[in-house]
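S.K.: In case you want the letters, here they are:
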Amino acid sequence: MAKFILRRLFHAVIVVFVISLLIFFSIRLTGDPVAVMFAAGEPSQQAIDNLTAELGLDQPIWVQYGIFLRDLITFDLGTSFRTGQSVSSMVAATIGPTTLLAAAGMAVAILIAFPVGIVSAVKRGTVLDFGGRMFSLIGISFPNFWLGIMLILIFAVMLGWFPASGYGTPQHFVLPAITLGLILSGILSRLVRSSMLEVLNQQYIATAHSKGLRSWVVIFRHGLRNALIPTVTFMGVQFGGLLAGTVIIEQVFSWPGLGRMIIDAINARDYPVVQGGVIVLALITVAVNLLVDLSYSILNPRIKAGGSDS
Amino acid sequence: MSLQQTVPGTEDLKDSTGTEVPARQRLRAGGFWRFIRKNPSGVLGMILVGTVVICAVFAPWIAPYNPTEASLGERLADPIFADETGESRYLLGGDPLGRDLLSRIIYGARISLQVGIFGVLIAAVLGTILGLIAGYVGKWFDDFIMRAADVQLAFPFILFAIIIMSVLGGGIWVIVVLLGITYWVGFARIVRGQVVALKQLEYVEAAKASGSTGLRIVLRHIFPNVFSSVLVLATLFTAEFILLEASLTFLGLGVDPTIPSWGGMLSDSRNYIDSAWWTAVFPGVAIMLTVLGFNLLGDWLRDRLDPNIKA
Numbered sequence: 001m002a003k004f005i006l007r008r009l010f011h012a013v014i015v016v017f018v019i020s021l022l023i024f025f026s027i028r029l030t031g032d033p034v035a036v037m038f039a040a041g042e043p044s045q046q047a048i049d050n051l052t053a054e055l056g057l058d059q060p061i062w063v064q065y066g067i068f069l070r071d072l073i074t075f076d077l078g079t080s081f082r083t084g085q086s087v088s089s090m091v092a093a094t095i096g097p098t099t100l101l102a103a104a105g106m107a108v109a110i111l112i113a114f115p116v117g118i119v120s121a122v123k124r125g126t127v128l129d130f131g132g133r134m135f136s137l138i139g140i141s142f143p144n145f146w147l148g149i150m151l152i153l154i155f156a157v158m159l160g161w162f163p164a165s166g167y168g169t170p171q172h173f174v175l176p177a178i179t180l181g182l183i184l185s186g187i188l189s190r191l192v193r194s195s196m197l198e199v200l201n202q203q204y205i206a207t208a209h210s211k212g213l214r215s216w217v218v219i220f221r222h223g224l225r226n227a228l229i230p231t232v233t234f235m236g237v238q239f240g241g242l243l244a245g246t247v248i249i250e251q252v253f254s255w256p257g258l259g260r261m262i263i264d265a266i267n268a269r270d271y272p273v274v275q276g277g278v279i280v281l282a283l284i285t286v287a288v289n290l291l292v293d294l295s296y297s298i299l300n301p302r303i304k305a306g307g308s309d310s
Numbered sequence: 001m002s003l004q005q006t007v008p009g010t011e012d013l014k015d016s017t018g019t020e021v022p023a024r025q026r027l028r029a030g031g032f033w034r035f036i037r038k039n040p041s042g043v044l045g046m047i048l049v050g051t052v053v054i055c056a057v058f059a060p061w062i063a064p065y066n067p068t069e070a071s072l073g074e075r076l077a078d079p080i081f082a083d084e085t086g087e088s089r090y091l092l093g094g095d096p097l098g099r100d101l102l103s104r105i106i107y108g109a110r111i112s113l114q115v116g117i118f119g120v121l122i123a124a125v126l127g128t129i130l131g132l133i134a135g136y137v138g139k140w141f142d143d144f145i146m147r148a149a150d151v152q153l154a155f156p157f158i159l160f161a162i163i164i165m166s167v168l169g170g171g172i173w174v175i176v177v178l179l180g181i182t183y184w185v186g187f188a189r190i191v192r193g194q195v196v197a198l199k200q201l202e203y204v205e206a207a208k209a210s211g212s213t214g215l216r217i218v219l220r221h222i223f224p225n226v227f228s229s230v231l232v233l234a235t236l237f238t239a240e241f242i243l244l245e246a247s248l249t250f251l252g253l254g255v256d257p258t259i260p261s262w263g264g265m266l267s268d269s270r271n272y273i274d275s276a277w278w279t280a281v282f283p284g285v286a287i288m289l290t291v292l293g294f295n296l297l298g299d300w301l302r303d304r305l306d307p308n309i310k311a
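Which chain is which? The protein sequence lines are A and B, in order.
Quick note on the numbering used here: the first sequence kicks off at 1 and runs consecutively.
Quick note on the numbering used here: the second sequence kicks off at 1 and runs consecutively.
Extracted from the complex, chain B is given alone in its bound form:
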């Protein structure tokens, strides 16, 4: 549960003479490969997420073409590798308006990451604060949190989102806020559960006995101990949010269709499945690998930081 747990491969070891070799020094000398060997799923997660982050940040420099420039002559152009005429210039083919699929996928990373990260930020901050209060103070506030969790479980998010979006219109920030204010419950439940367990521990009792205020106990003694769970959950929820945004945009409700987004690209492809399979395949692969990356990372973090929570 503590943040200071060591990652396998980085723990201090004794060398043959019995003197301790500091972890940092070993990491420099070949520990890098050892780390990879010991943590294959974590490393794969980092690579996948890292790639998406690089695509999102450096999209204008990486993308080979302008992602929004239509070229009617190249509508549904074949991908280069499947092209027999040799005329296609698009590596992954063209979309129904003749735009480069690869460039649109690279730019699409921006939408997915923004929704994932900002949505989780709102949900995590809200959920952690309310979970801390619910767990520490208890009483009616605790009941309120638990009923809110029940409501959230019983009301399919997709339907709620469709209704709200037909009021407010789509747009990335609407999705972000909607995800944040719906899924804080997930964080609140986990944090609450841990706080209930933590506040009975001796060191919290000791802090109380020595006259610490409630706020100080929560911030100094409890919050640091739930932080690792929040971090793990945040990673896993990022994956979930990316999926949800893609679903909503696929249904035609999420992100503005003129902005390149993975869900929107799949929605565009619906009528061309039999003639242009690449329009339906590659954006989905992008979503899948990104989500897989965050899930791998979250799983790995959980094993490292906090084997106790089950999300």
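In isolation and in its complexed conformation, chain A is listed as follows:
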């Protein structure tokens, strides 16, 4: 087990390292931040050189990368080119709204997907099942940003029930969370359905029925509990996707989250903020996947630690 954990940790470190390389060099291809900052005036060469040196951009690129890595190990993400704030504090300020949005979206998804998936599986082949499957297919076919726009159109513009964008009050959460949750529930209800079907075909379910247990006891206690394992794994793996989904939804609803901060920083060529934001996103995703993997192998001893990766 210790060997398995160590191996997984090693993999996680490699992934974060590769992402740090990717983000560090790709963002440097996008253009010179000094030019963007002086876009308005006509600076002297002296001023350009001074600023370049001040931002540390006059050093060889490998030295810059070395400094970035060195600071990263001590959890120092550098300072923003634009605002001079520390990137860590900017990340800290935006990660709250993003996490809250992701959590609210996940909650909406769970509330919708479990009933739909369970009913679909139990009533397999009926009209209810067909309806449930169509619901999830339509859910995964919706462009998330367009669903956001439609909800704004109906509930903010036409009915005026909820604010169209912004952050602060509980009302602001409703539309973004429903947007994210509906899209996610499409994927999730499919998964709940297929895991339930797999479990309901097992012999112990037939045994439980034949013991005369009420069917809802069988479905929930014997069925759902076992169907939860693959579902939870999947939710962990999807976490990265969930964060990516919030990037667009934050854009649509002017949500002050991590994704919006990164997009703004890309446009301003604010390298440290882009690097820091992406690394933090990657760290979160990798950590969640690691936890899911570990808890999975503890919950389900049939999975051999150190076995195949697939």
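What the hints contain is simulated information worked out from the structure, not anything from laboratory work.
Incorrect hints may appear among the rest.
Simulated pairs of lysine to aspartate or glutamate, DMTMM-like, Cα-Cα distance not exceeding 20 Å [claimed, not checked]:
id	chain 1	residue 1	chain 2	residue 2
1	A	Lys123	B	Asp143
2	B	Lys38	A	Asp129
3	A	Lys123	A	Glu198
4	A	Lys3	B	Asp143
Covered stretches of chain A (chain B as the covering partner; in silico rule of three or more C-beta atoms under 8 Å from a C-beta of chain B) [claimed, not checked]:
id	stretch
5	29-37
6	123-129
7	138-144
8	151-157
9	245-257
10	280-292
So these bits of chain B aren't anywhere near chain A, every CB distance computed over 10 Å [as the list claims (entries may be wrong)]:
id	residue
11	Pro79
12	Ile133
13	Arg216
By construction, the Cβ of each residue, glycine as well, lies at the ideal position given by its N, Cα and C atoms.
Once you have looked at the hints, place chain B on chain A.
M.R.: For chain B alone, coordinates are given in the frame of chain A:
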């Protein structure tokens, strides 16, 4: 897993006298309706995808107006069915520059399909080749593929795409290549998993024992068996890619704004939601139905060809 599985409604049946009626013959005689009845979701998927393909190929003949011709007098013209003055000539209304929304939606199918199909082609070819090698050869190459998959999961594609596009500029081919070289991992993972299982089967062992080379075994004995999974995955990824292209173009990064594209039309509509709802509704409906079509088709193919993979 084999490609020769029969579609319900087309299997050979015995007639009342006990002689077998070949499937082909029955299909001609009323089997068509039976096929539709037995495969409603597959048929709906085919209809949706077929409609989009026809729109894309025959756009100049189908579109009622020139999709790029601005007409300032008809800016945000009402759709015909919601028009009380009776002056509008646009079935689905006009866009913020007075162009016909319907014609732009019909032409927009070209962008979505091109991105979907060519992006998937690159991803599928790349992913299948690398997945075959990873699964058959294993060792460090296999590790490499699995770590690449981890990286892809942990780096949101949208952000990566935004960065690359601010370097290279937008444009449809940039998106196509970007999607292809990012999402090959999805194909490689599935193919790899199947190859690992397949290469332990007896017939592969037999081929090995009879002296076949590795390349021959992979091409003749393994690849045909993973092909159906690749096909299913390709259909589902086409849906995904169409969504991603629309998102990027919506953010103002994807396709050139002068070319009619569904994501671009939604981006144009952002400031007019309260005054011209049709500009925000119809392009989105087009995306949704197209993606739904590919998803229905992919699901149906999966049930038919390969019930084992879960994508």
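S.K.: Evaluate each hint against the coordinates.
M.R.: Hints and how they fare:
A C-alpha spacing of about 42 Å is found between Lys123 (chain A) and Asp143 (chain B), which places the hinted pair above 20 Å, so the restraint is violated. The suggested pairing of Lys38 (chain B) with Asp129 (chain A) holds, with an alpha-carbon distance near 16 Å, which does not exceed 20 Å. For the hint pairing Lys123 (chain A) with Glu198 (chain A), the CA-to-CA distance comes to about 14 Å; that is within 20 Å, so the pair holds. With a CA separation close to 17 Å, the supplied pair Lys3 (chain A) and Asp143 (chain B) stays within the 20 Å bound.
With a threshold of 8 Å between beta carbons, the proposed coverage of the stretch 29-37 of chain A by chain B holds, since 3 of its residues qualify and at least three are required. Given a C-beta distance limit of less than 8 Å, the hint that chain B covers the stretch 123-129 of chain A is violated, as 0 residues qualify and 3 are needed. For a cut-off of 8 Å, the count of residues in the stretch 138-144 of chain A with a CB near a CB of chain B stands at 6, and the three-residue condition holds. Residue count for the stretch 151-157 of chain A with a Cβ under 8 Å from a Cβ of chain B: 3. That meets the three needed, and the coverage hint holds.
Coverage of the stretch 245-257 of chain A by chain B holds. Counting CB-CB distances below 8 Å, 3 residues qualify, and the rule asks for three or more. Three residues within the 8 Å Cβ limit are the bar, and the stretch 280-292 of chain A against chain B gives 5, so the coverage statement holds. Here Pro79 (chain B) stays apart from chain A, with its beta-carbon at least about 15 Å from theirs, past the 10 Å limit. Interface exclusion of Ile133 (chain B) from chain A stands, the closest Cβ pair being 15 Å apart, more than 10 Å.
The beta carbon of Arg216 (chain B) sits about 25 Å from the closest Cβ of chain A, which is more than 10 Å, so the claim that it is off the interface holds.
Hint violations for this structure: numbers 1, 6, all remaining hints satisfied.
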